[in-house]
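Asks: Chain order of the listed sequences is P and B. Quick note on our numbering: the first sequence kicks off at 1 and runs consecutively. Quick note on our numbering: the second sequence kicks off at 532 and runs consecutively.
In short, the hints are calculated from the structure, not lab data. A hint or two may mislead.
Dumping the calculated PhoX-like pairs for lysine-lysine here, alpha-carbon to alpha-carbon at most 20 Å [unchecked claim]:
(1) P:Lys201 <-> P:Lys173
(2) P:Lys334 <-> P:Lys346
(3) P:Lys79 <-> B:Lys602
(4) P:Lys327 <-> B:Lys594
(5) P:Lys177 <-> P:Lys63
(6) P:Lys87 <-> B:Lys602
(7) P:Lys301 <-> P:Lys402
(8) P:Lys212 <-> P:Lys500
(9) P:Lys88 <-> P:Lys327
(10) P:Lys66 <-> P:Lys100
(11) P:Lys72 <-> P:Lys95
(12) P:Lys91 <-> B:Lys602
(13) P:Lys25 <-> P:Lys301
(14) P:Lys394 <-> P:Lys343
(15) P:Lys63 <-> P:Lys25
(16) B:Lys602 <-> P:Lys88
(17) B:Lys594 <-> P:Lys95
(18) P:Lys343 <-> P:Lys331
(19) P:Lys394 <-> P:Lys404
(20) P:Lys331 <-> P:Lys346
(21) P:Lys72 <-> B:Lys602
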Amino acid sequence: MLFTDYSFIGFLAVVFILYYTLPKKCQWPFLLVASYVFYFIASPSYLIFIAATTVSTYLVSLKLDKLETIQKEWIREHKGQISREEKKEYKAGIKAKKWKWLLVCLFFNLGILAVLKYTNFTIANINGLLQAFHSDRQLSFLNLVLPMGISFYTFQTMGYIIDVYRGTSTAEKNPFKLALFVSFFPQLVQGPISRFNDLAKSLFEVHYFDPKVVSYGLYRILWGYFKKVVVADRILTAVNAIIQNPDTYQGGFVFVGMMFYAFELYADFTGGIDITIGIAQTMGITVTENFRRPYFSKNIKEYWNRWHITMGTWFTDYIFYPISVCKPMLKFSKFSRNTFGEKIGKRVPVYLSSFVVWFTTGIWHGASWNFIVWGLMNFVVIMISEELEPLYRKFHARFDVKGKAWYGVFEIVRTILLMSAIRMFDCYRDVPLTFKMYGNMFTHFDIRALNAEAFLGLGLSGADYLLLFICLLVILSVSILQERRGSVRDMIFASGAAWKYVVFGVLMLIVIVFGAYGIGYDQSQFIYNQF
Amino acid sequence: MEALMEILENLHPEIDFNTCDTLIDDNLIDSFDIVTIISEINEEYDVVIPAEEIVPENFNSAKALYALIQKLEDE
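So that you can see chain P by itself, here it is in the shape it has in the complex (with noise of 0.2 Å):
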């Protein structure tokens, strides 16, 4: 059941209606039977790994807050009595038996998802390998299910349970509560990845119907809506005309599918999450914002703060943090320091473990090679970004740019096409194919080429361009006034009561006319669903 599908439309007026008119208190268990119904909906064989992630953390929590009672309750009784270094040894007693058990919930949730993610990726791997050593022997590919939403559920539930072990949220004590953080229907399939402690207060307490709020998330909702089903899938029919066929299309072709990908890219997963967020703020639940207009970014990692920000700051927080400030990092500092001197050394742990995230990134991605690489790419790029940091200083200095708007819109840009380019690993999904479709743009280029029968050739009609351009035109303004004076909803809210209705019901009128629905388009699951 997607999102785009009608089904999802009549499962989504049940549970709305059912919220509010069922007792105040069956709203939150309520919300579990739906969550579980739309994912028994999706597979019901999936339903036994996200039951298992959900018990499974459920008593490892349970073990560490008791851990973490008994220290407490020790150190009082003992209050007094004891030395400090004898407190200090207590404490790293109990902390080693809690990162016991939060190994063993790390293990076995990340394992069942390595298992049945990157099993087929390590078989082709290894049969790759004997091919190249001429062995005659391949071994068979295994028939693994890959659980909806599994890649996001797992590290949603795994920053819950290091936070637990963090001592920086505390343990759920109901298992239905913590079962319905983890399995929340709406961010289930693409996120975003929420904190327990952003999520739970609003999603188990009472909410009474408020038709400013309600009207607000329907807002948000139809707008995803517009952006998924008028602009995304629309594109899409081009796009995959370009990517599909990289003998016909080349040149300068190549880059018009890499910049109709990033629009396409941008308007189905920035739609997705407007539902997603729309869908739960009509029920008073607030999910994380993932977005913050990403492509007004200036640089690579000010995009990286502004895209799929709930991805970005789990890796930060459980991933880059942890292996650049653990004991053994900064004691390859200091040696590194030693050895290279002060100014490549301190560079150091932040490579390394710079590194090991965006490797991560790309293989939470999918498992194939064009998503590793598309993440080294990214680490690559930011790496050499902060070596250049010293020469855009001097530039700066020398060159009283940086204010200018012209220059602010050629950073923009620059990053765009920075990150366009990247993403073509993603686009081609094909890592030889990719490096070769960068030089094929260039020595392939001919303007002659880029003529209106043959952009009417990627299947889209001259009306169909026409109405993305002017999408386009209306993405950007919105986005423009959300930079610059913030909440588009408040302002036409706050323009005379009839306005909302009138916004309200073109944009409905948009989406039902102009949505990609008929022959010819592939109306499309969301592309993060795959991940």
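Since the structure of chain P is already known, use the hints to place chain B on it.
Replies: Positioned in the frame of chain P, the structure of chain B alone reads:
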């Protein structure tokens, strides 16, 4: 405190660490800076700042960061 100020000022000479208390909130220092600061604090004070202590409240100002160092030294 002087050693800490020196670490911070070497990293970002353009920031006034005596007055600024929004280092994280205003994105004045990023994750790379934080790791570099932690590594240098480890050198200078022989204190390991664990990952769970990397929260905005501890890194928003030089004062908060120094308080964290003192707390970890006492533990």
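Asks: Does each hint hold? Answer for all of them.
Replies: Status of the hints after comparison with the structure:
In summary, the hint linking Lys201 (chain P) to Lys173 (chain P) is supported, as the alpha carbons are separated by about 14 Å, within the 20 Å threshold. Pair hint Lys334 (chain P) plus Lys346 (chain P) holds up; C-alpha atoms about 8 Å apart against a cutoff of 20 Å. Taking the CA atoms of Lys79 (chain P) and Lys602 (chain B), the gap is near 19 Å; set against the 20 Å cutoff, the hint holds. At most 20 Å may separate the alpha-carbon atoms for a hinted pair to count; Lys327 (chain P) and Lys594 (chain B) exceed this at roughly 24 Å.
Distance check on the hinted pair: Lys177 (chain P) and Lys63 (chain P) sit about 17 Å apart at the alpha-carbon level, within 20 Å; holds. As the CA atoms of Lys87 (chain P) and Lys602 (chain B) are separated by approximately 15 Å, the hinted pair is consistent with the 20 Å bound. Our distance criterion of 20 Å between C-alpha atoms is met by Lys301 (chain P) and Lys402 (chain P), whose separation comes to about 17 Å. For the hint pairing Lys212 (chain P) with Lys500 (chain P), the CA-to-CA distance comes to about 11 Å; that is within 20 Å, so the pair holds.
Of the pairs offered as hints, the one joining Lys88 (chain P) and Lys327 (chain P) holds, with about 18 Å between alpha carbons and a cut-off of 20 Å not exceeded. Pair hint Lys66 (chain P) plus Lys100 (chain P) holds up; C-alpha atoms about 14 Å apart against a cutoff of 20 Å. Straight-line distance between C-alpha atoms of Lys72 (chain P) and Lys95 (chain P) comes to about 12 Å, which keeps the hinted pair within the 20 Å bound. For the suggested pair Lys91 (chain P) and Lys602 (chain B), the alpha carbons sit about 16 Å apart, so the restraint of at most 20 Å is met.
A C-alpha spacing of about 44 Å is found between Lys25 (chain P) and Lys301 (chain P), which places the hinted pair above 20 Å, so the restraint is violated. Distance restraint check for Lys394 (chain P) and Lys343 (chain P): the Cα-Cα separation of roughly 18 Å lies within the 20 Å cut-off, and the hinted pair is therefore satisfied. With a CA separation close to 28 Å, the supplied pair Lys63 (chain P) and Lys25 (chain P) exceeds the 20 Å bound. Only pairs whose Cα atoms come within 20 Å are accepted, and Lys602 (chain B) paired with Lys88 (chain P) is accepted, the gap being roughly 13 Å.
Proximity of Lys594 (chain B) to Lys95 (chain P) is assessed by CA-CA distance (about 28 Å); at most 20 Å being required, the pair is judged violated. Between Lys343 (chain P) and Lys331 (chain P) the alpha-carbon distance is near 16 Å, which keeps this suggested pair within the 20 Å criterion. Only pairs whose Cα atoms come within 20 Å are accepted, and Lys394 (chain P) paired with Lys404 (chain P) is accepted, the gap being roughly 17 Å. Only pairs whose Cα atoms come within 20 Å are accepted, and Lys331 (chain P) paired with Lys346 (chain P) is accepted, the gap being roughly 11 Å.
Of the supplied pair hints, the one linking Lys72 (chain P) and Lys602 (chain B) holds, its CA atoms being roughly 18 Å apart against a limit of 20 Å.
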